[in-house]
Amino acid sequence: MDAFQRQCDLEGKTYTEIEVYSEILGKKSGYVRGLGRAVKPPPSSTLTTQSSDLQHQLAKARDEIEAMRATREKHLQEFAKKQAEMEATLRDHREEQQVEQERIRWSRRSA
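For the numbering used here, add 32 to where a residue sits in the sequence shown, where the first one is 1.
Hint data in this document are derived by calculation from the structure and do not stem from the laboratory. Careful, some of the hints might be misleading.
Estimated spans, in silico, between C-beta atoms of each pair [claimed, not checked]: (1) Glu117 x Arg137: 26 to 36 Å; (2) His88 x Leu42: 16 to 26 Å; (3) Thr81 x Ala120: 57 to 67 Å; (4) Glu127 x Arg94: 48 to 58 Å; (5) Arg101 x Ala35: 55 to 65 Å; (6) Glu134 x Lys114: 25 to 35 Å.
These numbers were taken from a predicted model, which means no experiment stands behind them. Even for Gly, the Cβ is constructed at its ideal location relative to N, Cα and C.
Sequences are here, hints too, so could you generate the full structure?
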């Protein structure tokens, strides 16, 4: 039971002690196993609400992940474009250097 409570804490779920017993030991009409007839199980609507809340949180997290992926993809495309531009500029500068070096060689030979 302690392991189940720790798992719930890690996942951000909050269960009462009765809900933990009910989840682990199961419930039977009118009582929670392990706690006797004096303790009534939580209504199934509570569990349904928790389930739909978790589904909503999961959908929200998936949307956030997708948005992050789209942003990352956009940044990668921008980076690739900038990299290509820089490589082209570097090639141009190298070609200009080669032309200038050739011009200097010809001017020294002529002199």
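Checked hints:
In this structure the hint that Glu117 and Arg137 lie 26 to 36 Å apart at CB holds, the actual value being about 31 Å. Take His88 and Leu42: their Cβ atoms lie about 20 Å apart, and the range 16 to 26 Å holds. Checking the proposed 57 to 67 Å range against Thr81 and Ala120 shows it holds: the Cβ atoms sit about 59 Å from each other. Between Glu127 and Arg94 the beta carbons are some 49 Å apart, a value that agrees with the proposed interval 48 to 58 Å.
Distance hint check: the CB atoms of Arg101 and Ala35 are about 34 Å apart, inconsistent with the given range 55 to 65 Å. In this structure the supplied range 25 to 35 Å holds for Glu134 paired with Lys114, their Cβ-Cβ distance being about 31 Å.
When held up to the earlier numbered hints, the structure conflicts with hint 5 and nothing else.
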